[in-house]
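Trainee: Single-letter residue listing:
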Amino acid sequence: MTLRVLYFARLRERFGLAEESLAFAGATAADLVAALQARGGVWAEELAAGRAFRVAVNQDIVALDAALPDHAEVAIFPPVTGG
Amino acid sequence: MTLRVLYFARLRERFGLAEESLAFAGATAADLVAALQARGGVWAEELAAGRAFRVAVNQDIVALDAALPDHAEVAIFPPVTGG
Amino acid sequence: MKILVQADAFDLGTEVDAMRQGRTDIGAVASFVGLARDMNEGSGVAAMTLEHYPGMTEKALAKLIDEANARWALLDVTVIHRIGRLLPGDPIVLVAVAASHRGEAFAACEFIMDYLKTQAPFWKKEETPQGERWVEARASDDAAAARWTDS
Amino acid sequence: MKILVQADAFDLGTEVDAMRQGRTDIGAVASFVGLARDMNEGSGVAAMTLEHYPGMTEKALAKLIDEANARWALLDVTVIHRIGRLLPGDPIVLVAVAASHRGEAFAACEFIMDYLKTQAPFWKKEETPQGERWVEARASDDAAAARWTDS
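Taken in sequence, the protein lines are chains A, B, C and D. Each residue of the first sequence is one higher than the one before, counting from 89 in my numbering. Each residue of the second sequence is one higher than the one before, counting from 89 in my numbering. Each residue of the third sequence is one higher than the one before, counting from 1384 in my numbering. Each residue of the fourth sequence is one higher than the one before, counting from 1384 in my numbering.
Everything labelled a hint here was simulated from the structure, so no lab data went into it. Heads up, a few of these hints could be off.
[Unchecked claim] Among the chain B residues that face chain C by a calculated CB cut under 7 Å, a handful are:
#1 Ala97
#2 Arg98
#3 Trp131
#4 Gln147
#5 Pro167
#6 Val168
#7 Thr169
#8 Gly170
#9 Gly171
All C-beta atoms, glycine included, are put in the ideal place defined by N, C-alpha and C.
One chain only, chain A, in its complex shape (with noise of 0.2 Å):
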């Protein structure tokens, strides 16, 4: 499937990239981040077991086992620190 995929603030800092579109084999949102990690580096780094990110689908937050819909929006960000 075809995935576009948004990073915000710090992650969009560290990885130098603001939005990709994605050919992506795997199912799940924790499929896409392992996906990502595999880049190594500061993918691997952030993306990390441990660190504090969230992933939102279609701009809903969801859980790391949330399946990814043909043509998804992903948006990859820090914990957010608004208001």
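Dock chains B, C and D against the given chain A, drawing on the hints supplied.
Mentor: Frame of chain A, contents of chains B, C and D only:
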């Protein structure tokens, strides 16, 4: 002792009196209330045991066993309903 | 700290701006405005008149604010309560609390309102189609104030 | 209901007056303004920049308000959150809730703020003498939001 006694809101209207100066022989707020009840009529009715009213001495709400200093400003009024 | 008992209307924006003016240490302002409603206890209310106990009113409000300051780290508090005749939609009371953080500001603002409702000597008389009537104190207001002594 | 995400400043008085305009059924308006402080985590903050996730932000705020409406009988809600670069003393966020009675207004206003702090996709970057830094999420904010699921 001499007291200045003030009445507010519904009690002021029922007693037909906003303020009076009173020569008083008792010691506590309860004694004053008993003296006023002894007037009979609306006084006995409004200040009967079980009726909700408040007593303030020198502008602080007090319990009925509070002592009354000479020349105290005593106020008797219904439970408050501002805000 | 500012305490006013007045017949005139007040303006929430003006009061909160005055608290903030020239300061950069305030992180949170919680505020409350109570308004006269057109309906109470099931009947229409055309107007209300607020009576108070001059002298004690200001003293009681200052005591509430002192107690809030003793409980929470506050940067500023404003309380304004109107008296006299008010129409539905008119603002009656304003409480605004400035603090570094929101938890303190919210708690102190609600505490002051809850205590004001049971401790400050104001009384409301309503004009209804059935005639004038004094508003009765509510058990729910006593319960709201009691919450703060349990914690 | 009004939700705005904007770079421009907002005015508390104007927003609350807009809620009240022409209504006589509102008895209580609880409101909150969060402001940029000159100090955080022990160091001076010269300015901050707020980033957000366009699209999701509005959706997340609407969801918070829907949840507040489901929990309490509310008459109107306004939420405004600023984005972009802000200086100490600048207002960041406004939440105002109108209801018939104060209990609902206070609870919903604090609920919306607590959830906004943990659910709405905004991020703050501060300018300090030690350089720029992203603000870290606080455990106390998670705890504040969790209170509402325990009750």
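Trainee: Each hint: holds or not?
Mentor: Hint by hint, here is what the structure shows:
Look at alanine 97/B: its Cβ gets to within about 4 Å of chain C, closer than 7 Å, so that hint holds up. Hint status for arginine 98/B: holds, given a least beta-carbon distance of 4 Å to chain C, under 7 Å. At its closest, the beta carbon of tryptophan 131/B sits 18 Å from a beta carbon of chain C; the interface hint therefore is violated under the 7 Å criterion. Interface hint at glutamine 147/B: satisfied, since its Cβ lies 4 Å from the closest Cβ of chain C, which is below the 7 Å cut-off.
A hinted interface residue such as proline 167/B counts as satisfied when its beta carbon comes closer than 7 Å to some beta carbon of chain C; here the least separation is about 3 Å, so the hint holds. At about 6 Å, the closest approach between the beta carbon of valine 168/B and any beta carbon in chain C falls short of 7 Å, and the interface hint on this residue holds. Checking threonine 169/B against chain C by beta carbon gives a least distance of about 4 Å; that is within 7 Å, so the hint holds. Given hint, glycine 170/B at the interface with chain C, holds; its Cβ is 2 Å from that chain's nearest Cβ, closer than 7 Å.
Here the hint on glycine 171/B is kept, as its CB sits about 4 Å from the closest CB of chain C, short of 7 Å.
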